[in-house]
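Colleague: Those sequence lines, one after another, are chains Z and F.
The opening residue of the first sequence carries number 1 in my numbering; numbering runs sequentially from there.
The opening residue of the second sequence carries number 186 in my numbering; numbering runs sequentially from there.
Everything labelled a hint here was simulated from the structure, so no lab data went into it.
Hints may be right or wrong, so weigh each one.
Here are the simulated lysine-lysine pairs, DSBU-like style, with alpha carbons at most 35 Å apart [to be verified]:
# : chain 1 : residue 1 : chain 2 : residue 2
1 : Z       : K118      : Z       : K147
2 : Z       : K147      : F       : K775
3 : Z       : K147      : F       : K774
4 : Z       : K118      : F       : K793
5 : F       : K272      : F       : K509
Being a predicted model, the structure only gives us computed values, none of them experimental.
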Amino acid sequence: MEKKKPIVATTSLAGCFGCHMSILDIDERILSLIDLVEFNKSPINDIKKFTEYCDIGIIEGSCCNSENVYTLKEFRKNCRVLISLGECSIMGGIPSMRNGIPIRECFEEAYMHGPSVKGHNPEMVLPNDPELPMILDRVYPCHEIVKIDYYLPGCPPRADLIYDALAALISGNELKLPYEVVKYD
Amino acid sequence: MKNAFPDSTDELEIGEIVYQDTMIDTVRDILKKYDHNPTRLMDILIDTQSEFGYIQPLIVAEISRQLNISNVDIEQTLSFYHFFSTKPTGKYTVYLNNSVIANMMGREDVARTFEREAGCKFGEVSADGLIGLFSTSCIGMSDQEPAALINGTVFTMLTPFRVKEIIRDLKGGKKLDEIIVEGLGDGANALPEINSMVHNNIRKKGPILADGYKPGEALKKIMKIKPEEVIAEVKLSNIRGRGGAGFPTGMKWEICRNAPSDEKYIFCNADEGEPGTFKDRVILTEYPKMLMEGMAIAGYAVGAKKGILYVRHEYKYLQEYLEKIIEGGRKKNYLGRNICGKEGFDFDIRIQFGAGAYVCGEESALIESAEGKRGEPRDRPPFPVESGYLQKPTIVNNVETLCSIVKIVNHGALWYRSMGTKESSGTKVISISGDCKYSGVYEIEWGFSVTDVLEMVGASDVQAVQVGGPSGTLIGQNEFNRTLSYTDLSTGGSIIIFNKQRDLIKDVVLNFTNFFIDESCGSCTTCRNIPVMLRQKLEKILNARGVQKDIEDMIEWAKVLKASRCGLGLTAANPIVTSIRNFRPLYDKKIQHGKEYDSNFDMLAAVKESCDAVGRVPNIHSN
Chain Z
1 MEKKKPIVAT TSLAGCFGCH MSILDIDERI LSLIDLVEFN KSPINDIKKF TEYCDIGIIE
61 GSCCNSENVY TLKEFRKNCR VLISLGECSI MGGIPSMRNG IPIRECFEEA YMHGPSVKGH
121 NPEMVLPNDP ELPMILDRVY PCHEIVKIDY YLPGCPPRAD LIYDALAALI SGNELKLPYE
181 VVKYD
Chain F
186 MKNAFPDSTD ELEIGEIVYQ DTMIDTVRDI LKKYDHNPTR LMDILIDTQS EFGYIQPLIV
246 AEISRQLNIS NVDIEQTLSF YHFFSTKPTG KYTVYLNNSV IANMMGREDV ARTFEREAGC
306 KFGEVSADGL IGLFSTSCIG MSDQEPAALI NGTVFTMLTP FRVKEIIRDL KGGKKLDEII
366 VEGLGDGANA LPEINSMVHN NIRKKGPILA DGYKPGEALK KIMKIKPEEV IAEVKLSNIR
426 GRGGAGFPTG MKWEICRNAP SDEKYIFCNA DEGEPGTFKD RVILTEYPKM LMEGMAIAGY
486 AVGAKKGILY VRHEYKYLQE YLEKIIEGGR KKNYLGRNIC GKEGFDFDIR IQFGAGAYVC
546 GEESALIESA EGKRGEPRDR PPFPVESGYL QKPTIVNNVE TLCSIVKIVN HGALWYRSMG
606 TKESSGTKVI SISGDCKYSG VYEIEWGFSV TDVLEMVGAS DVQAVQVGGP SGTLIGQNEF
666 NRTLSYTDLS TGGSIIIFNK QRDLIKDVVL NFTNFFIDES CGSCTTCRNI PVMLRQKLEK
726 ILNARGVQKD IEDMIEWAKV LKASRCGLGL TAANPIVTSI RNFRPLYDKK IQHGKEYDSN
786 FDMLAAVKES CDAVGRVPNI HSN
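Next up, chain Z with everything else stripped away, as it sits in the complex (with noise of 0.2 Å):
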C-alpha cells in the first residue's frame, strides 16, 4: 500500500492573509506540494472543520478575540506539529499596537468616532451580540495561547522559506536557512 501523504492545515487568525498569499507564492511548487502532502482545514481549499488527525498546522496570526483562541485550540488538539507563520502569530504583529490602549478606547474609536463611523452611530451602540467572538484584553501571539513547536519569521515570510520548511519537516532533512531567507519586510 502507498505510504499515506503527510496531512497540513492552514488558518489565518488576527492577520492580513498576506502569509497565506505567501504560500500561494511558491507558484508553480505548489503542484509539487500537492504532490507532497494533502490538505486538511484551511482556507486554501476552504475545508470548514478538520476531518481527521493532521500532521502539519500552520497559523497566521496572533489572537484578538475569544474565536481565535478557540481556533488555535482546535488546531492544536489537531495537529502533531504547529507552525507560528510570520510575525503577528510570533509577536502579535499589526494587531497587537492596541495592545496598553484600553479596550474601551479602541471601541470608541473603532464604533463611535472614527472617520469612517462618526456621524453613522448616532446611538453610540457597541456590538454586544453574544454571537459575536469576545475581544480579549489585549492581543496574545499563540506561543501565548498554546505550546507551539516551530516559528517562520518574517512579515510575510518568504515563499522560499515555506516552502523549505514544509519540505524539510515532510522529507525529515535539516531546514536550511540562509540568511537572505529570513526576511522581517
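Mind docking chain F on chain Z? Use the hints.
Modeller: Chain F in isolation, oriented as in the chain Z frame:
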C-alpha cells in the same frame, strides 16, 4: 500652594493670570541663581519642583526660552526622574518606600492606613489637594523601616497608629517639623540644620569610623609631598572602590592624572541607591568633613580644582548641614584657594542633588545627570577618567572610598594593608538590615565570613542572606562560610537577612525584579524588556501555573541580559539566577510536574474588560 477650588470663574481667571505671572517671576529668579546655565538643569528643575509641587508646561516653555534650549531637552530630563512631576502631587507629597525590607517591616498596613486616612489611593492626590500618596524605591533607611519622605522630611519606623497621627496633624494644619514628635535622631541628626528623626545606628566602629578624627591633618601632610607620591601611596594601599564595582582607586587616579586637560573634576558618588545600603548616609551625617578632605586630596593628586558631591535626592534633608560644612571648610582654608597655604592648590566643592534614579549610581549616568540630562549610562570607552563631566577627565569615587583615603594618608598604606585580606585590603562599612536583632552600620575588616556577620548582628533562624543588594547574590546556609571580599562575596555595603518565615520568591525575588523594572533607564532593549518577561514567568510560577520549562527559560533569557550597556542590566536577573541556583527546591515546589506546557492564559480574565465595555455577559465555549 494655589487654592484648588476658587469661588467663582471670574476669580479663577484673574487669580490664574496673577498666579502665572508670579510663577514666571519665580522661575526667572531660579534661572538667574544658576546663571542660565543649561548644564544646571537638574538644580533648576529641583528648585522649581520644590517651589510649586509640580512642573507644568508653562514653566517648561519659560525655561526653554530662557536657556535657549528646546522643550524636549527639558522634558527628557523632567520625565526621567521619580521626584519630578508634571501634575500636582499634593501640598504634602508622601513617598512611601516599597523596598523588600519595608514590606518585611509592615509596609502593607502602613500603606493601607495612609490610603484610608488620606482618602486616596497610592499614585493619587486627595480630593482637597492636601495629600498625595506615591511609592518609591529604597530611600536608604533600611534599618528603620517602614519609612517615608513627606516633602523631603524623613519619617521612620512608621506604624498605622503613627500614620493616623501624621495625617490628622497635617489636616489640622501643623507643620512637618512639629509632627516629628518621637524626638530627633542621634548624633548630628539632632542638629538644627538637620533636625531629623533619622538614627545612625552605628554598631561597630573601625579605623574609618573611629572617633578622634582631626580635620585637615591629612591635607597638611600631603602638602609636603608631590601629587605623584600621593597616588603611589594610594596604589600601595591596594584600596579598591567601595561603591560596589571595586575598581582599584590608585589606578583610576593615575589614569586621570595622566590624561592631558586644562580642567579635571572630582566627583563623590553619594547616590547610594542599592536597596539595603545606607552606610553613605551615616558617613554623610557623621563624617562629612572627612569626605570633603578626601575629595580635596583626590583633587590635589590628579590636579583637579573642582569637586562635585552628587547626593541622592532622598538625602536632601542633609543639604543645609552639608552646605554649612563646606562653608566651614572654606573658612578653615581646607577648601578654596591656596589650600593650607599651598600656592596654586585650589579646590572647591559644590553639591549636586539627584532627583530619584537608581541608575545614576552608575558613574557615567551620574555624570550625565550632573550635566542636567537623563541619567542614562554612556557608551564606554572613553571612560570618565579620560572624558567625563563636560568631557573633561573625571574621577568618580564612592563616599567611603574617599574617607578611607584620608586614613590611608594619615596612617600609611602599609597600616591599611595590615587589615583585611591579601586581595581585599582594609575595612568595609556595611549596612545590615532585615531579620536580625541589631540592624545598622558596621565597619568590619574584609574577610569576615557570613556566619561571623550573622553572629555579630544577632540573626538566628536564617534562611538566606542577600549580599550586595538586589544586584548581588542570594545565598543559603550551605554558603554561609563564604567570606566578604572582592575575590569571594563582593558587596558595596548592603547585606539583607531573611529568616525561615519569608517566602523568598514572592517577598524577595519578585520585589527585586520589580525594582529593576522600575529603575531601568530603558535605553537598552535587553534591560527594558527581559526583566518584564522574567517577572511574568515569576508571577506564573507563583500563580501555580509554572512548568519546568519556565525555570529553564528564565535561566536562558537571563544570559541575553548580559548584552546590556551598564551594571543595571548586567545584574537585573541576579535575584532570579542566584535564587534558582541556590534555592532550586523552592521553585520546584511551586511548579506543576508532569506537564510540559501551560500558557497561563485565562479566557475569563482576558474577555472581562471588553465585555464590561459593551455590556455583555461572557459566554465562553471551551474546547
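Colleague: With reference to the structure, classify each hint as holding or not holding.
Modeller: So, going through the hints one by one against the coordinates:
1. As the CA atoms of K118 (chain Z) and K147 (chain Z) are separated by approximately 41 Å, the hinted pair breaks the 35 Å bound.
2. Among the hinted pairs, K147 (chain Z) with K775 (chain F) is consistent with the structure: their alpha-carbon atoms are about 21 Å apart, no more than 35 Å.
3. Proposed proximity of K147 (chain Z) and K774 (chain F) is supported: the alpha carbons are some 23 Å apart, at most 35 Å.
4. A threshold of 35 Å between alpha carbons decides the hint, and for K118 (chain Z) with K793 (chain F) the separation of about 26 Å falls inside it, so the pair holds.
5. Restraint check: the Cα-Cα separation between K272 (chain F) and K509 (chain F) comes to about 33 Å, which is no more than 35 Å; the hinted pair holds.
The structure does not agree with numbered hint 1 stated previously, though it agrees with all others.
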